[in-house]
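> Assemble the complex: chain A is given as a structure, and chain B must be docked to it using the hints.
2 protein chains.
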Amino acid sequence: MQFSPLIEELIQALRCLPGVGPKSAQRMALQLLERDRAAGKHLAEVLQLSMSEVGHCASCRTLTEEKLCRVCTSGRRNDQVLCIVETPADMLALEQSGVYDGRYFVLLGHLSPLEGIGPDDLGFDELVEKLRSQPVEEVILATNPTLEGETTAQYLLELLSSLPLKVTHLAQGIPLGGELEYLDGGTLSRAFSGRQGFASVKETNG
Amino acid sequence: MQFSPLIEELIQALRCLPGVGPKSAQRMALQLLERDRAAGKHLAEVLQLSMSEVGHCASCRTLTEEKLCRVCTSGRRNDQVLCIVETPADMLALEQSGVYDGRYFVLLGHLSPLEGIGPDDLGFDELVEKLRSQPVEEVILATNPTLEGETTAQYLLELLSSLPLKVTHLAQGIPLGGELEYLDGGTLSRAFSGRQGFASVKETNG
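So the protein lines, in turn, are chains A and B. Heads up, the first sequence is in the UniProt record's numbering, so the first residue is 1 and it goes up one at a time. Heads up, the second sequence is in the UniProt record's numbering, so the first residue is 1 and it goes up one at a time.
Take the hints with a grain of salt, since some may be wrong.
Repeated chains share a single entry, so a pair holds when one copy, or any two copies, can fit it.
As the list claims (entries may be wrong) - Below are the BS3-like pairs computed for lysine-lysine, each with C-alpha atoms no more than 27 Å apart in a straight line: (1) 130 - 166; (2) 166 - 41; (3) 41 - 23; (4) 67 - 166; (5) 23 - 166; (6) 67 - 23; (7) 130 - 67; (8) 23 - 130; (9) 130 - 41.
Just so you know, the hints here were simulated from the structure itself, not pulled from any lab data.
In isolation and in its complexed conformation, chain A is listed as follows (with noise of 0.2 Å):
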């Protein structure tokens, strides 16, 4: 025995969202049905707007429902900086660190030969005419420091060789509040591999 067709289907339905799983989905269905019927109508109308008007910022590829995204419109951001990011998660969390003020280009994923995404999807051409044509003086390649990660920002610094920019990357080493003792190997390594003398880390900071 089951549910009514309809709410079977509302239930695998709901299994599209990351992390939900058959039991989560029956009780998100429930709750909705048995206490909250304006919030799912609400949610179904804003889910099927999204779906249909957000498209992509013209300059820099983040999701965005305007013609160009709110950092791109901007006046009051540094424009010879361009940080490559791979998602629009990623900028959102640079943004909200408030640490950078330069313009972004969101890759939308990263090289990944096993899931068929090549340089083409990641817009690299798109990127280079926008260097070409733009006065930015450094790019900071803030993949993540995961293997595609990695592989991208490799691919992107030999692409990026042959322009008279200066091309950086995020520092890697231990995550503030970290502890030593739960560290995995690999970090350890770079942070190790990558010590500053506290002199260096004043001239940099002065």
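Positioned in the frame of chain A, the structure of chain B alone reads:
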């Protein structure tokens, strides 16, 4: 900084789902937008349809988009036993166990003065009417073994005492596969006070 207004609205709307906090909602919204718009659109449609079409079974009150649910329309059920449960999910759990072949009545909640849920909200009039007009001989009170569930069962027991019915409740004790070491005192206490001789178990089963 945040995402664009429509994406933020989608993230907010997803939070109506139980167990979904700000981070999960963001991950869900971005996953649908970046990778699976077709599934997102399908979910929107099914959600819209479910919220407007799903009602309650005219006989047992469970959730269904049909006039009567499958259990109520089935000709193979035992009309002499009626099992009272709190929710459609409880009914499904009993059905999936395959242990019961009678009819159901779904309260759609439990008595809770704090939440303003009284006898009128749980269909008690409908229940008494049903018991008077149908050939029911035994009523099984299968509310949850919580404070509210037991209060509801107690109220029902008094309500039904004037009718010529046998009223039973589910046995309470040690769950199968449970370990005494980890069981709470309340469960152990019920298991002790309800202990049975081996002979009487055989008689009951035979």
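> Please name the hints from earlier in the document that this structure breaks, with their numbers sorted from lowest to highest.
Hint check: 2, 4, 5, 8, 9 fail, others pass.
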